[in-house]
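Chain order of the listed sequences is V and S.
Throughout the first sequence, residue numbering follows the working numbering, covering 1 to 116 in sequence.
Throughout the second sequence, residue numbering follows the working numbering, covering 117 to 346 in sequence.
Just so you know, not all the hints are guaranteed correct.
Unchecked claim - Partial list, computed: chain S residues near chain V (C-beta under 10 Å): (1) Met117; (2) Arg119; (3) Ser197; (4) Pro201; (5) Val309; (6) Asp327.
Hints are computed from structural coordinates only; laboratory data are not their basis.
Bear in mind that the values here come from a model prediction, so they are computed numbers and not experimental data.
No residue lacks a Cβ here, since even glycine has one placed at the ideal position from N, Cα and C.
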Amino acid sequence: MHELALAGAVIDTAERHAAGRRVLVVRLRCGELRQVVPDSLAFYFEHVAAGTLCEGAALEYEVVAASLACGGCGVSFALDGASFRCPACGGADVTVEAGNELEVESIEVEEPACTG
Amino acid sequence: MHRVKVRIVEDALDANNTIARANRDDFDRHDVAVINLMSAPGAGKTTLLERALERPLGEGIRVGVLEGDVQGSYDATRIASLHVPVTQINTDAGFGGECHLDANMVRSALPSVPLADIDLLVIENVGNLVCPAEFRVGEDVRVMVAAITEGEDKPLKYPLMYRTCELVLVNKIDLLPHLEIDLEELLANIDDVNPGVETMVVSARTGEGVDEWRRWLAERVARRSAALTT
């Protein structure tokens, strides 16, 4: 359900960088820990983009797998099930190295042909 | 016409986070500790806040509350009856009926919050287990209320919210004899998604655990004052 709010944030970011040009493609990197449902995001994106520079733009979406690191024993590990505890030492001092992204990676915009 | 690629690499919530930092600067300037209190609707945020604020939290600790709701001021009225300064944000008025508070909504309410006269501001977010977790509002710390009536599986279904909090208040413990919930499993699931997170088992109804919750709040204010004087 947070896809509506996130779609708005993605469009605001894209518009700011579009600097008045029409946006054709928005490329998003989204960590798996953000619990974003791609179809839902695409649905809201299309809806919220209406009337903005992003109207009609394609939303391209890359999922970044979660990668965690244990501060206790130094092991890096992928998320297996629900537990964020270190599978090697059981430690709780775990940092997320990847998987929390919600990043507008790039956009493609329409630019008038160069006449010079 | 031709296509041009513009590389951005920017967190989509950067704009929100920038405003959250401005809020935080205002809180810091007035030396106010700020708690973002979140939960599903009906978990007991307002009631636990009432129980905590019925008596002064500690010598010289002045508290203010910012109430976020889609509409209505029911919660604000309850808090105001405790003679605590309270400001209402309705997310349907000009904010499109948002299901969460964002930094800008809080910013717009700050002129009505007596920051110079309080030491602790509790921001009670809109009841929702998902969206509030995405939006920083300038808080020092996030606290959530998890009612045992929600079932033991909720941390596994909504890890984003559970992972973002430093304290989980496990509320409605007075109902334990009437439910089939496995409390140990709920606590284990919370610890799975946020290893080592502090939990308190409480009942807003009977008052169980409320003193511990009050001490925790007073401690946050003390910790902040100590950090500023060193």
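Here's how the hints hold up against the structure:
1. Met117: 5 Å, holds
2. Arg119: 5 Å, holds
3. Ser197: 32 Å, violated
4. Pro201: 29 Å, violated
5. Val309: 6 Å, holds
6. Asp327: With a minimum Cβ separation of about 27 Å from chain V (threshold 10 Å), the hint on Asp327/S is violated.
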